Amino acid sequence: MNILVCVSRVPDTAAKIKVAGDNKSVETAGVKFILNPYDEYALEEAIQLQESKGGELTVLTVAGDEATDVLRTALAMGADKAIHVKANQLEKDSFYVANNIANVAKELNPDIIFLGKQSIDFDSFQISSLLGGLLDLPSVDVVSSINYADGSITGEKDIEGGKESFETSLPAIISVQKGIKEPRYPKLPQIMKAKQKPIEVKEAIETPLRTEILEMTLPEKARAGKILTGSDADIDELVRLLHEDAKVI
Amino acid sequence: MTFQGTDFFRLDELYTEEELMVRDSVREFVDEQIVPIIEDHYMKGTFPMELVEKLGNLGMFGIKTSEKYGGAGANYTTYGLAMQELERGDSGVRSFASVQNSLVMYPIETYANEEKKQEWLPKLASGKAIGCFGLTEPDHGSNPSGMLTTAKKIDGGYLLNGAKMWITNGSLADVAVVWAKLDGRITGFLVEKGMKGFSAPEMKNKHSLRASVTSELIFQDVEVPEINRLNVDGLKGPLSCLTQARYGIAYGAIGAAMQVYESSINYAKSRIQFDKPIAGFQLVQDKLVHIFDEISKAQLIAYRVGRLMESGNFKPEHISFAKRNNVKMALESCRIAREVHGANGILNEYPIMRHANNLESVYTYEGTHDIHTLILGQHITGIPAFK
Ligand SMILES: Cc1cc2nc3c(=O)[nH]c(=O)nc-3n(C[C@H](O)[C@H](O)[C@H](O)COP(=O)(O)OP(=O)(O)OC[C@H]3O[C@@H](n4cnc5c(N)ncnc54)[C@H](O)[C@@H]3O)c2cc1C
Ligand SMILES: Cc1cc2nc3c(=O)[nH]c(=O)nc-3n(C[C@H](O)[C@H](O)[C@H](O)COP(=O)(O)OP(=O)(O)OC[C@H]3O[C@@H](n4cnc5c(N)ncnc54)[C@H](O)[C@@H]3O)c2cc1C
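So the protein lines, in turn, are chains A and B.
According to the numbering used here, the first sequence holds residues 1 to 249 in order.
According to the numbering used here, the second sequence holds residues 1001 to 1387 in order.
These are calculated hints, taken from the structure and not from any lab test.
All figures in this text were calculated on a predicted structure; none of them were measured in a lab.
Treat the hints with caution; some may be incorrect.
[To be verified] Among chain B residues calculated to face chain A with C-beta under 7 Å, some are: (1) F1029; (2) A1072; (3) A1074; (4) N1075.
We treat Cβ as the ideally placed atom computed from N, Cα and C, and that holds for glycine.
Just chain B, with the same shape it has in the complex (with noise of 0.2 Å):
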């Protein structure tokens, strides 16, 4: 039986026909291809490799990329509600096609030099090479202007020296964009795997998004050609890849929350305590209310978000309100969920508990949700709280 979600407020009379086609595609892709396979990756904390070919010929990467450099060309709705689905699937397949599309296509597209463009693009889209974003240092997580990662002019090209930390897709890529400070400015460059000095040892014993690679990368003297360098400058390079990630997990999030809202009313509904099954009891069917009702108020965000992007009439505050407010809401869905499930919830037999370990590494990736509230504080105040 494929998914059938929950849509209150009938979303679906507000998406096109083509956007429900893609919804409904990847949707049973999801259900056919990830949901069978992810809980066993997840316990032995492997990525599914399987599926990076399977998701590029589903179209999963390049979503938005210009048809031009082998994308879809498709909106922002639409690549919202692809990652929503994938992320019903798995918070880190999920990862995989956000880096994949929105930190390092997307900079590709948008920065890099036409003939860097056409050697990447086409390969990223159909999955035969594999991308990774590197922002994060060691000791500059929220407060990436500080990073230490340095660029230095040579002729004919840069020298880069530092490492970076927490990086999606890290020792599986076969591009790196990597993020350094020239002469102090900010500013980025594509790292390709097997230059001389560059590695990416893979972060392991992590309790959340175990099935996605994490790892560091480290710059020994590696040796980048000038036509490799982005041409962006300043924090605003970066930002601008993680407003377009940012949308996607606003969406996705709903997907886990999806997930284990109706793993929660199918159990409710079957599980019977006392003579009766427990979803008639007052106090679980205001837990499965205030799921419902925080998935319903997530989903209108989202939407809303979506359309103002496609017309260019959004702000970044729009975009850290929605990722703010629907990754708390999917990590509280996945708390209460587990209640519901009583001991089954601990089980891998249900989806609850890698939705909710992968969603605290949601919480805090693509700007804690703590930072969001702070650049929320200073949009409704004027005044900045950072420092």
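Just chain A, same shape as in the assembly (with noise of 0.2 Å):
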């Protein structure tokens, strides 16, 4: 099987996040960036695919210069190449990047096309939907599990407060859920050999943008917190809070 997975490179969960100075984009000074944790379990299902299935498997991003750093994640998980789509506009909206994806997957020819549900910096939640559009192919999103088989798949997708199961042929574009499978720790022997898998550059084409982005602003501050006194009572209250205001349980 050929395999396509599209990565992109986005704020660690842990950064402080601060609007830049033109009121669009995040300052991205003294901010560390990791490869999207969703698309650690996309590469995840595609690695054990292509352990299971052979054939070669090529991760993806369409990002400016500084991405090269997630595509060696990528290789050091074990992909076997990477491909760079140089984008040299700062501003990039999803159709851009569905766009030069598509483009290249139009080359590549690949029998599934992985990606993370959402990116985790801008959270749009196009691309795949955008990439079925664009290529013409089936695109299920949100996906739990799948199993194999020779020109389709099966397998079950998350829905609001439930479970769908799904066929589709292939190829096809699958976003996965978080937890598809457990993502694998780079290891130091192939952390090793990624430097020796090529990354290959290729200039994005040009894609005039569809949206443009007015302004950006970081949410009001938290709400105050709650303080409980700690009685017995309290413990009612608490599991109540807990699952009607907080909707944790």
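Using the hints, put the two standalone chains together into the complex.
Encoded structure:
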């Protein structure tokens, strides 16, 4: 199987985000960037697929010069080669990215394209659907498990409050949910070998932006916390608050 | 939230992309696989065996060993950074890795017969086999050249007699690198589990390195085949291994110090006394700055020594300096961190006392702090003060 995994470079989940001077972008100085966590799940699914079925595993990112680090991480996890589509313009909308992925995918003809269900920086949730349209292929989102057959796959995807089973022909585009397979830690010997694996650089194709960011603002300061007294009677109240207010249980 | 560490002098700019990738990968592993289980093992006094295969998988054994024997063939700095992260988890886990890498795989690769290299190194690299290093004896610690364990030449091999003490991984080991005197000269042997007359009872009741196995090794007329003899003569055999391990410890100690430093900063910022965070009091800032200051200097030392080792341009004194300074600073950092945490500092909810207690062993093993002082003292005065 020929497998393509699309990855993005995002600020570390622990990073303190500031809006840059232009009020339209994020200040990148001093921020650590990582491989988008959802893409790690996509990559792990792809690596295990390749381990069982063979074929070639390519990772791709559409990003500026700085993104080599996440491609190396992906190569260290197990991808065979990487394609870096150099986006020379600073502002990229989802259509720009999808159009550039589609452009490469047409050449590569992968049997399956994996993505994380979202990129944790801008949370647009658009790339997989746009790719489906641009490549005229089936596109399934938030997939939590997959079984592979010849020329088709079956699997499950998360829906609000439940699961949905699906079947689709290949080639297809699959965006994966967290937890589909536990991503491996890049292993030391593979990190050493990743240096020798090729990163092919391609120029991005011109794609006029379809949306424009007008302004970025940080969220209002979080609400003040509630302090309970710690008596037995408070236990029920705590459970209620966690359930209804915080919606964590 | 993954551990951030401190990097005041921006050493990250001097490390290669690969070195940082290894560090970050081990860092994540430590946060997810070691930190959540280690206090429990420490309290029970058990070594986390469940980690061995995972560590092998991650490539933590044979970091510098050549690829043809299943190692990663990485450089000293990569090895150092890996030890730093492992010791941030626990000195016991780092000790396990130090022994496996520097005290077992290193001498096997450097001094053993080809057949033995092929037999042991791949298994040790994957964690399918565990090794130990037997130098110290009950009556010979700082002065190993006085060792009493002997080897006698017999037909087809050697007969080993004697006892070793304080041996990390001893009871777990499938293969022991054992130093003994043959006709009055120190040489090394690979003693394998199951050889007749060889036993390794565990030493219990430690207050330090509780998540690590420490054992005696007992040899009663153990027959060791000729092929198991290491091809090295004299004290430089064991010392060459210790040089490797001590360097790793100089990095490792930084990991332990960074862990208690981070805990101290977070604690001091959130602990309110006299209506303000204690981080806002001058005395507390003095403590925090002291740890920060010492870590930042130790990082520069470790970095430089690693690069000197890579260029082959180092003296053993550099390693004595790094081990002595960095372990002392880590131990002091733990004591200060304990103060900053007030009473909470004694609880195992915080990593402080575990690291502090562990570092008491690290201060003593691999050449005590004072022995390294004497090595440096001789270096600068030309006068040996050992005897
Ligand atoms: C948890 C643990 C794990 C260990 N693992 C191993 C292992 O895997 N393999 C192994 O071979 N060993 C191991 N050791 C042993 C360790 O290397 C020794 O403890 C160390 O070398 C010191 O020896 P000693 O304990 O006999 O102390 P001693 O040598 O008796 O020293 C006692 C004190 O006297 C001081 N002293 C000694 N000589 C002098 C001198 N000439 N001048 C001034 N002061 C001096 C020392 O600095 C120290 O403060 C381990 C030890 C511990 C605690
Ligand atoms: C084993 C044990 C038994 C105990 N038994 C008892 C008991 O029987 N009865 C009882 O009442 N208590 C008991 N205590 C509590 C003990 O008295 C407190 O731990 C002690 O008063 C310190 O308070 P704290 O732990 O809250 O630390 P904190 O007051 O939070 O102090 C944390 C750190 O901040 C520093 N600090 C605080 N304020 C300032 C300031 N203004 N300027 C500079 N630095 C500051 C402290 O010196 C310390 O280093 C016990 C504690 C322990 C560990």
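Quick rundown of the hints versus the structure:
Look at F1029/B: its Cβ gets to within about 5 Å of chain A, closer than 7 Å, so that hint holds up. Because the closest C-beta pair between A1072/B and chain A is about 4 Å apart, less than 7 Å, the hint holds. Hint status for A1074/B: holds, given a least beta-carbon distance of 6 Å to chain A, under 7 Å. This hint is violated: N1075/B has a C-beta 10 Å from the nearest C-beta of chain A, more than the 7 Å allowed.
Hint 4 from the earlier list is the only one contradicted by this structure; the remaining hints agree with it.
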